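Q: One line per chain: the protein sequences are A and B, in this order. What the first sequence shows, in my numbering, is residues 1 to 298, in sequence order. What the second sequence shows, in my numbering, is residues 299 to 596, in sequence order.
Please note that the accuracy of each hint is not assured.
When the alpha-carbon atoms are kept at most 25 Å apart in a straight line, the in silico DSS-like pairs for lysine-lysine are as follows [as the list claims (entries may be wrong)]:
no., chain 1, residue 1, chain 2, residue 2
1, B, 477, A, 27
2, B, 325, A, 179
3, B, 507, B, 576
4, B, 593, B, 347
5, A, 27, A, 7
Rather than coming from a laboratory, the hints here were simulated on the basis of the structure. Bear in mind that the values here come from a model prediction, so they are computed numbers and not experimental data.
There are 2 protein chains.
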Amino acid sequence: MTEQNLKVFSDDVALINSVIENLGYLKCTSDRSNSVIAAEKYGLCAGGKRIRPVLCLEFYKLFGGKEDISEIAACLELIHTFSLIHDDMPEMDNDSMRRGKPSVHAAYGADIALLAGDGLSLLPFEIISANALAGKISCETAVKLTSYLSCASGNMGMIMGQMLDIISEGQDVDIEFLKEMSAKKTGCLLMASAAFGAILAGAEQCDVKRAEEYAANLGMSFQIVDDILDVIGTESELGKPIGSDKIRNKNTFADVLGIDKAYELAQRYTESAVAQIKDLNGSQLLCELASDLVKRRM
Amino acid sequence: MTEQNLKVFSDDVALINSVIENLGYLKCTSDRSNSVIAAEKYGLCAGGKRIRPVLCLEFYKLFGGKEDISEIAACLELIHTFSLIHDDMPEMDNDSMRRGKPSVHAAYGADIALLAGDGLSLLPFEIISANALAGKISCETAVKLTSYLSCASGNMGMIMGQMLDIISEGQDVDIEFLKEMSAKKTGCLLMASAAFGAILAGAEQCDVKRAEEYAANLGMSFQIVDDILDVIGTESELGKPIGSDKIRNKNTFADVLGIDKAYELAQRYTESAVAQIKDLNGSQLLCELASDLVKRRM
Chain A
1 MTEQNLKVFS DDVALINSVI ENLGYLKCTS DRSNSVIAAE KYGLCAGGKR IRPVLCLEFY
61 KLFGGKEDIS EIAACLELIH TFSLIHDDMP EMDNDSMRRG KPSVHAAYGA DIALLAGDGL
121 SLLPFEIISA NALAGKISCE TAVKLTSYLS CASGNMGMIM GQMLDIISEG QDVDIEFLKE
181 MSAKKTGCLL MASAAFGAIL AGAEQCDVKR AEEYAANLGM SFQIVDDILD VIGTESELGK
241 PIGSDKIRNK NTFADVLGID KAYELAQRYT ESAVAQIKDL NGSQLLCELA SDLVKRRM
Chain B
299 MTEQNLKVFS DDVALINSVI ENLGYLKCTS DRSNSVIAAE KYGLCAGGKR IRPVLCLEFY
359 KLFGGKEDIS EIAACLELIH TFSLIHDDMP EMDNDSMRRG KPSVHAAYGA DIALLAGDGL
419 SLLPFEIISA NALAGKISCE TAVKLTSYLS CASGNMGMIM GQMLDIISEG QDVDIEFLKE
479 MSAKKTGCLL MASAAFGAIL AGAEQCDVKR AEEYAANLGM SFQIVDDILD VIGTESELGK
539 PIGSDKIRNK NTFADVLGID KAYELAQRYT ESAVAQIKDL NGSQLLCELA SDLVKRRM
């Protein structure tokens with residue numbers, strides 16, 4: 001990424017971090033009755049890459065948006081964190097570490113983690129509707145965002161992906177199954193993130209679709225690189241034990257294709273992502289983001 | 299309840315049952331990739347009283363609504379079922395039976411139950427926004443419903459109630475604490491249910507408030523009677539082991555007040571509920587429902 005775009009990117013991340021840290025909905029005292037909210041905040045502030053809200057902010061700018069939509073962009077991180085908290089739980093992946101820190105259930109107990117995930121799954125809808133009731137976005141926009149977000153994370157989206165992940169553990173699966181699983185588990189929410197930005201900017205439906213296509217391809221590339229890093233990364237780079245997919249008999253792109261072919265496939269998806277938007281004025285950052293994500297080491 | 303109102307009530311329940319059974323969002327084949335949806339349907343069809351959607355339908359009619367809003371009314375049962383599925387889980391109440399049948403995690407495993415609860419927490423927002431996008435309700439109405447539902451079930455509503463329940467287990471609490479816990483855990487969603495009906499009918503804000511007040515009082519009475527039945531009910535009437543609150547060191551109105559005083563308090567809440575609406579033409583069914591709930595044996 002160019003120095004200039006890297007600055008924009010890190011400003012976006014800083015903005016989202018600040019919004020999350022200061023979110024009025026998550027204000028809490030040290031009172032024990034606040035521990036669910038404290039756990040939500042802990043999960044949110046554990047150092048994510050903020051890719052989803054950044055996609056929202058950048059597509060918003062790409063399609064001409066000029067307002068501060070950071071609170072709505074943060075909703076995408078809330079949903080992502082909800083899925084991570086529940087995914088890490090003992091009955092799911094049973095991961096006690098996440099990004100180098102104890103995962104939420106390890107830090108707060110499984111009961112609080114369950115409720116914290118639930119709270120973060122509902123809060124985005126509270127925030128989106130509050131923005132509409134306060135006149136910051138139109139009710140039509142709020143309905144579209146609500147629809148995109150609930151579909152992307154629900155039974156036919158992210159939850160379906162987690163389900164496919166569960167049922168395929170220890171089974172032989174083919175590349176098409178992996179693509180479907182990844183599209184659901186990771187892709188849908190990335191698509192919604194890009195669509196959020198485009199919708200908030202009032203983009204045409206065909207441009208919303210382009211944003212979604214970019215994100216779908218980015219998501220595939222992202223997941224493939226994740227799988228590769230689980231094999232070749234180091235624990236300190238990843239913040240979690242490497243080889244954890246293998247230990248749990250997870251099917252990964254790295255397994256099914258081998259490292260080299262998996263990496264080639266990731267590059268092809270990155271190229272397809274870039275192809276969707278490269279002719280748009282101002283799309284350099286998003287193009288570079290796609291290229292950088294395929295080269296990342298963590 | 300008069301014979302005539304009993305007929306209306308059971309027609310409402312039958313309508314909601316039929317909507318839930320035929321909900322397109324929950325169509326599933328026997329494919330294993332559908333087991334989350336199958337688990338959601340199992341939880342939904344385990345024989346609930348459908349009080350929440352009935353409140354929605356009846357307040358809608360009370361304030362002059364004439365359309366079929368049953369799909370939106372069913373959303374309240376979806377959220378209620380989500381909370382029951384997660385509440386029953388091993389890390390929460392660890393109840394392996396619910397309404398005389400294995401609870402969702404006992405029947406499908408804790409991983410699927412976790413995802414099924416998640417799916418049911420998101421689906422209502424998909425349904426509400428789809429109804430708005432299809433022009434069946436206005437976007438303004440959809441935003442209000444989304445706001446009421448997410449607030450009622452979120453961090454400051456139902457989830458806060460579950461949190462208070464967890465932290466108070468085995469502790470000495472007073473009657474004010476129990477009232478707050480019950481208001482959050484049960485009351486908020488009942489209030490949203492009544493508000494849904496009023497909002498969908500286009501009622502004035504003061505009438506939405508009356509509907510909510512009725513439901514808040516009904517909720518307190520309902521919870522107190524629940525606590526009493528856990529002491530004096532029979533297992534076959536309740537469909538779950540009696541005395542389960544005692545075994546888990548739960549604080550209940552029956553414990554803190556004794557059976558007789560708890561029953562008196564329930565009756566006072568019922569009277570307050572009725573007082574909110576009894577001067578409204580056509581409110582007999584809702585008045586009788588409140589009286590009947592305090593007399594119920596299951």
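Q: Hints first: check each against the structure and report whether it holds.
A: Structure-based check of all given hints:
1. 477/B to 27/A: OK: residue 477/B and residue 27/A at ~23 Å, within 25 Å.
2. 325/B to 179/A: holds (23 Å)
3. 507/B to 576/B: With a Cα-Cα distance of about 15 Å, the restraint between residue 507/B and residue 576/B holds, given a limit of 25 Å.
4. 593/B to 347/B: holds (15 Å)
5. 27/A to 7/A: Cα-Cα ~29 Å, so violated.
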